[in-house]
Structure formats: C-alpha cells, structure tokens
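K.L.:
Chains as they are written, first to last, in the numbering used here: chain C, 1 to 331; chain G, 1 to 137.
Honestly, I wouldn't trust all of these hints.
Part of the chain G face toward chain C, derived, beta carbon under 10 angstroms [to be verified]: (1) 113; (2) 117; (3) 124.
Calculated from the structure, these hints are not laboratory results.
Every residue gets a Cβ at the ideal spot worked out from N, C-alpha and C, and that includes glycine.
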Amino acid sequence: MELVCPAGSLPALKAAVDAGADWVYLGLRDETNARNFAGLNFDAAALAAGLAYAHAKRRKVLLALNTYPQAGTWERWMRSVDLAATQGVDAIIVADLGLLDYAHRTHPGLELHLSVQGSATSHEAINFYQQKFGVRRAVLPRVLSLAQVEYAIRNTAVEIEVFGFGGLCVMVEGRCMLSAYACGDSPNTMGACSPARAVRWEETPAGLESRLNGVLIDRYAPGEHAAYPTLCKGRFEVEDETYYAIEEPASLNTMELLPEFVRMGVRAVKIEGRQRSPAYVSQVTKVWRRAIDAALAEGAQFAPRPDWMAELNRHSEGSQQTLGAFSRPWK
Amino acid sequence: MKLLQMLPEAPPAHMLALALNAGLCMGLVSRGSLELLAGKSVALEASDLGTRVRVAYDGERFRAQAGGASAGPADLTIRSTSAGFLSLALRREDPDTLFFTRRLVMTGDTELGLVVKNALDAIDWSRLPLPRRPAAP
C-alpha cells in the first residue's frame, strides 16, 4: 500500500520525500489545479527540481490537472498535459473526460489517475474510464462506505486510492459550485473554493468574522476554533436558529481503518493539503509512513498509537476528526 | 511594563526589512512571487509582547514603516504570539494549524497573506550553506 502526499512548494515536496511518501502530488501555478492560490504551487523550474529530487530517491511525482477546462482557455490544460509528458512526471491526476481523452491519444505512455473530482463511485464508472482512456488508478470520492469501497475493488482491475487524512468539505465531488454563489468562482472552474481575493477576516466586538465577498460565513467567539472560510463550513440562520447548516468543520482521519484497507487491497492512501506548509507535510507524512508500515507488519493486530493520533489531531481543521462515510453502517 | 514595549518599534521593522531584502538579493524569494505585494504594507503584531512592526514593499525592496496607531491599518496584519512567529520562522509549525486554534489571526487583504505565507514556504533553505537553518521538524 502506497502513501500519496501533498506538496504546494519545492520544500514541501522535499519534506514529503524525506518523511517517506511514495508519491508526491502537486499542481502548476494556474487554474489547472484545485489549489489555485496566490504564490502556491510549481513553475516549470520548481517542477524540474522536484522531479529530480524525488526520482533520485526513487519516489514518484503526480501532477494534478484536476479542474475542468473552460471555453476560451482550454489550451492551457492541454499544454499542461504536454508539459507533464515531456518533463517526465510519473502520472497525472485528471477529472475531465475531454482532457483524459486528449492525454490518452496524445501521450499514450503517460500514466493516468482518475481524480476524486471525476466522482466515479461505482466499478462500472471506473471500468469505463479504464476501457476508454486506459486509466490506471482511480481516487474514490469520499462518499463511499467501507463495504462499497470493497465492492468496487473486487470488480475492477483499476488500482484504488482512498483519502486517509485531511480537510473535508461537503464532498459534492467535481460538482460543487457553492463558492460561486457568493463570489462567482468555484473550485472546479478556476481552481479555488473561496478565492482569497474575496475573503476578509475582521475582528469585531462580536467576535472574529469571516466573509466571502461580503457574505458572513461565520463569527467566532474568543478562543473558539476557526475553520477555512468556505460556505459549506459556515454557520447560518435557519428559522431563527444559527448553526452549521451544511456541515461542521472536521478532518478525515482513517488511520484505524488501515488493516481493513490492507485486507481489501486498497492500493494507495492519500493525504490532503497542498495548501499547507512544509511543517504539516513533514509531520503528517512521518506519522502515516509509520502507521502504514506498522499496519502491513501487524495486520489485524494494528492499532493507531495515541501519540500519532494526537499529532494528527493537532493539524485538524475544527480540531476534530471523523471517519466520514467510511464508517456508515447503512447502505 | 515589558522592556520590549518601551523600545521604539523602528529597529525591529528595519531588521525585518533588511532580512527580507537579503532574501530577495540572494534569490531565496523571487520578486515574481511578490507581484501582488507591490505598493502594499504588512504589519506583524506579537500579541504577548505588545509589539508591532510594519514594512512596505515597493516592488523592488522592503522598507520599514512607522507602525503606530496614527499610521492607520496596514494592508495586511498578521497577529500571533512571539512563540507562534518563532515556530513559523523555524518551520516547526504550519500557519493553518495555528490559525485553526486562534494562535494566528490575519486581517486585511487575505490574498496578500497567502502571497507572504507561500513565498516564505517556497524558500529552499538547503540552497544556503548555513550551519544552522530551519530544519524540517
């Protein structure tokens, strides 16, 4: 089972490699990836340096081209696929059907991974991507229960990757337009949910307020844990009550499920957080490397060590963790 | 009253501007990555010390600015504790981790905050032959 870790900068990539990631995934400095934030990500020089560093240590690099090409600028997505192929990126993560088709036809040797944003939740969908575009691996949307993950794995030859740790959103994977409601941009079109240019934080007598293009998302009392300023994690007034009307901020942590992942044949576990700093990447990657090695050695006897869980909890949004849909007992 | 509060704020602001300019000169930080910061001011406040330093970037270099209340708010204000700033500088802590637990607050232009944070994150200290540099924890 492989460990797939995020990098938003060259130092983060080095931190991930040094801490034991098998794969590092990253994006370019534009809207072709879903973490299109000012100053984040890789230009061509940083990509070349990152590839050299990872390959010298026999690790692999994934380029995320996981947004949807837009009319007028779709060539940017195609040129990014070409760049990946010519630079020697080990695989690309793609969500869009047209882009998968382009990559498959133009660069048949380039390994393709289906992005979580492609939202393939059944083995039929996954096998379709394999037959049409030669997709080698699929990242499963975070809406499936453990039993559903196992059923998909049993019915496909495509490698299955699941999310292991990191921020959660409403998981309307590949279709979320919530932030566009407030500011016109969505993660799947221009690569950022709640783009920073539209976000304002303000200290007021009532508390710390976050706003997206003027829309009040939340107001935090002194000492209350804060969350990313996204609409899905805001508190809103609904019939005279103010509460998390969509979802409560939390992080996914599936470490206790590792023996199940191993038994089912999950091929890789992914860590979220390309927007985070090298310190996060290093600390979280180290913990997961130890955990995966222990799970492979100990099998069903494996249990997460309390110090690992404490370390992960420190980094969690909302400072609480959940198993998400994996633990759902109903079908 | 703490000693630091009695000191004028200009020296630390000058030190910060010097350090940032040195980073630009050595190519650790690319001017291209700071484009959005041109013509803007950034203030750092250490809440436990009651100190505030303010610098402005003109597109070429950083300059210290008077940061008193009369100067009005900076385009971006980052507030943390001295321990918080130190752990960020040494790359021991992730800013989002501090932010979730309210140990770091950023007010003003949020996009400038990302520019600053990501420019600092992208510094590859391994390119400097320093005897002691911020290490990956």
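K.L.:
Could you run down the list of hints and mark each one as holding or not?
P.N.:
Hint check:
With a cut of 10 angstroms, the hint placing residue 113/G at the interface with chain C holds, because the nearest CB-to-CB distance is about 7 angstroms. Given the 10 angstroms rule on beta carbons, the hint for residue 117/G holds: about 7 angstroms separates it from the nearest Cβ of chain C. Evaluation of the residue 124/G hint against chain C yields a held restraint, the C-beta minimum of about 6 angstroms falling below 10 angstroms.
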